[in-house]
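Here the structure of chain A is known, so what remains is to put chain B in place on it, guided by the hints.
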Amino acid sequence: MPDSTDALETFRGEARAWLEENFPKSIAHRGSELIGMEHVAEDADLDLWCQRLGAKGWATPTWPSEYGGGGLSQLEAEVLRKEMSALGAFNPLTVKAGMGITMVGPTILEYGTEEQKQRHIPPICRGEVFWALGYSEPNAGSDLASLQCKAEDKGDHWLVNGQKTWTSGANIAQWIGCLVRTDPDAPKRDGISFLILDMNQPGIETRPIELIAGASPFCETFFNDATTPKGELLGPLNGGWTVGKRLLQHERASQTGARGAGGAAAKKSIHALAKEYVGTDAEGRVADPELRTRITAHLMNAKAQNLTLSRMIAEARGNAKVSATASIMKNAASDVSQERAELAIEILGHSGLGWEGDPFEDHELEAVRHWLSGKAISIYGGSYEIQNNIIAKNILGLPESTQRG
Amino acid sequence: MAALTEEQNLLKEQAKTWAGEEAPVAKFREMRDRKTEAGFDKATWAGIGELGWPGIVVPEAFGGVDMGHLTFGVVLEELGRQLTASPLLASGLVGANALRLAGSEAQQSAWLPGIADATAIVTLAVDERPHHAPYGTALQAEKTGAGYRLSGEKKHVLEGGSADAFVVVARTGGKPGDAEGLSLFLVEAGQGGVSSQRLTLADSRGYANVNFDGVEVGADALLGSEGGAAPVLDQILDRARAGLAAEMLGVAGQSFDMTLDYLKNRVQFGEVIGGFQALGHRAAECFTKLELTRSCVEAALQAIDEAGDSHSQELALLCSLSKAKAGDFLHHMSNEMIQLHGGIGVTDEFDAGLYLKRARATEATFGNASFHRDRYATLLGY
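Each protein sequence line maps, in turn, to chains A and B. Quick note: the first sequence uses the numbering used here, first residue 1, plus one each step. Quick note: the second sequence uses the numbering used here, first residue 1001, plus one each step.
Next up, chain A with everything else stripped away, as it sits in the complex (with noise of 0.2 Å):
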């Protein structure tokens, strides 16, 4: 047995050493106000710890250490990750490489040739390159296959020409995965390719999308003769489809995790924060009972989507197998991240609906602004409806759905 408790008892305390002695204390406990969404703070001792973190290949602790991972069996990664959490030590490349590790990494790995790999996969384990997906298009969100953005073959290159919209962070990606149509004529899902182009061309401009809660990392991209090499063609000729699925399952497993409230308001508990901005009775409960009923249903539903989570880990027993439970989980986050949001603007009541301005705390305004973007949590990598219909009709195995939404 690779991983009998022995051996990773002698991995826990090598990965406990390492980080001693690797991750600095200036740094401690600071990633969730280091590191957002998608954007990553200037400082020098966050910069130190991404290049010794990816230098060491613990950024993807279980891709191969042949392209720059670390090796490590699944069993192995949950200790780290553990130590890790228990030094307040984080991993900031996730961020830093965009969908690179969450997303395109995994599925180069899977499909991708060996010169993709040991061109692609490096740069990405040491977070030094930044992907984009070019997955959605104006006409084409949730029926993702009915996508009209084109490539054609040129010999030695492929010609793309078409329209990408809400690829998170195009305008600082150095590369971007794309589907395209390469075979106009074949039913929609069957002409589809999986294609890698340089983001760094005249051939390609992107515009910043606002949203609802103001600026946002979501774009909107132009390919107009944008070029790649033929040798960026990951996975078959007009197999893209299956490709492209492939790593929306890595999407969805990556935001499994419950986000909650980010920046200042996360510090503090829920229900500490109805304490403060709602009031106590006689015996110390707050003041609102309806209000601690629901905040309580919430704590409940956040404690049982982390279980489920650590369930799922356990039960995959050290397989890295990515599968349609991540539906479950990237709709159980959902809600619970979303259910969080509204009852801490519930909570703040005026205070927590300022929008900008010195009479409001740096904590209420982050909130109104993560109330309005956690919106989208619920609408990205395949909308709720469209992880339901993966449930429905993936695991439980009921048939196609006559109605389409």
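Misleading hints may appear alongside valid ones.
Capping the alpha-carbon separation at 25 Å, the derived lysine to any residue pairs in SDA-like fashion look like this [claimed, not checked]: (1) A:K245 / B:F1287; (2) A:K82 / B:E1271; (3) A:K82 / B:F1287; (4) A:K393 / B:L1290; (5) A:K117 / A:Q51; (6) A:K150 / A:P208; (7) A:K303 / B:E1271; (8) A:K268 / B:F1287; (9) A:K303 / B:Q1313; (10) A:K393 / B:A1316.
Label-pair ranges, simulated between beta-carbon atoms [unchecked claim]: (11) A:R12 / B:G1343: 33 to 41 Å; (12) B:E1006 / A:L159: 16 to 24 Å; (13) A:E20 / B:P1059: 36 to 44 Å; (14) B:T1017 / A:E20: 34 to 42 Å; (15) B:T1017 / A:E9: 57 to 65 Å.
Bear in mind the hints are in silico, worked out from the structure with no lab data behind them. Ideal Cβ placement from N, Cα and C applies to all residues, glycine included.
Chain B in isolation, oriented as in the chain A frame:
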């Protein structure tokens, strides 16, 4: 949180097969129609005894197998799927834990072997009103020269009509509502002054109101310390709650499976109804909740096993979480089961109603979801 062990998975298969063959829901229905006095089938209970399940949490020294609560939960879940009626939970889990956690060596050797081989039924007599309220106990235990005199009534006692002995929650001090002043007594059913009135509830299981009319017991009937029973009572009840939640998970899981099967086979408007997105989404949401509930139940049972004979706030939180989540989900699932089956769902001939009735009875036992949300919030200090 760890996954089930190979041994637990094997036992799950064994329990599933046994319940399906020896104690299926058809047998429960037949027992209901016969209006069996005990609320369970004696032969079924004896069969469970032969399998050794009532001794799963009984120490080996007293004839049990001491395999832990998660293992017990696996069995309860599978029996829950078939609505198998027996005193397994009331005696094998609750009675056994009361003795294990609070009993003296003498009390344990007198009762645990009988619990383990299903020849004795020991049940907890706790509630006195329609709602679960252990600290609300008013039943008095007055000190006498030789021991104590118990006076009062316990309501809705599980297997109260068939029990050989009761672990009675009584008040030796304080007033109803206080945690202080509670004591546990072991009282035999045949003792002078003990009488019970069989109750027929919607779920057709064995319940009774038990009256203690000046029952004289010796000092050796006291389990644990006089007046200080609240902590151990909480611990016994938490184990009961997590175990019952496992049974509820089984009731809900079977309700889900039957409903899914129906969605795959029932044709309306020329199509299998499971293809209608509105129904597919309801099934997907039920399945998601089922998975979340399972995590809570298994986590609570696992935490009990890891804690050994100790208790903690974290453990109490997990037990309340499991009972509240199982209650909410079973409530939802049993209603969805009826609605998605349409007209047949409300006929007595079909089994859905049996699951609905059992659902509500288990929800109300050992604290409903409201009780546990309140407790959860109180434990967390808000």
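Outcome of the hint check:
Of the pairs offered as hints, the one joining A:K245 and B:F1287 holds, with about 22 Å between alpha carbons and a cut-off of 25 Å not exceeded. Taken as a hint, the A:K82 and B:E1271 pair is broken in the structure, with Cα atoms around 50 Å apart against an allowance of 25 Å. For the hint linking A:K82 to B:F1287, the alpha-carbon distance of about 29 Å lies beyond 25 Å, and the restraint is violated. As the CA atoms of A:K393 and B:L1290 are separated by approximately 17 Å, the hinted pair is consistent with the 25 Å bound.
A C-alpha spacing of about 21 Å is found between A:K117 and A:Q51, which places the hinted pair at or below 25 Å, so the restraint holds. Under the criterion of a C-alpha separation no larger than 25 Å, the hint pairing A:K150 with A:P208 is consistent with the structure, at around 22 Å. Annotation: proposed proximity of A:K303 to B:E1271 is violated, straight-line Cα distance about 39 Å (limit 25 Å). Pair hint A:K268 plus B:F1287 does not hold up; C-alpha atoms about 32 Å apart against a cutoff of 25 Å.
For the proposed pair A:K303 and B:Q1313, the alpha carbon gap of about 15 Å is at most 25 Å, so the pair holds. Between A:K393 and B:A1316 the alpha-carbon distance is near 38 Å, which puts this suggested pair outside the 25 Å criterion. Distance hint check for A:R12 and B:G1343: the Cβ-Cβ separation is about 59 Å, which falls outside the suggested range of 33 to 41 Å. As the Cβ distance of B:E1006 to A:L159 is approximately 56 Å, the hint placing it in 16 to 24 Å is violated.
Taking 36 to 44 Å as the suggested C-beta distance range, the pair A:E20 and B:P1059 conforms, at roughly 43 Å. The hinted range of 34 to 42 Å is not satisfied by B:T1017 and A:E20, whose Cβ atoms lie roughly 52 Å apart. In this structure the supplied range 57 to 65 Å is violated for B:T1017 paired with A:E9, their Cβ-Cβ distance being about 38 Å.
When each numbered hint is compared with the structure, violations occur for hints 2, 3, 7, 8, 10, 11, 12, 14, 15.
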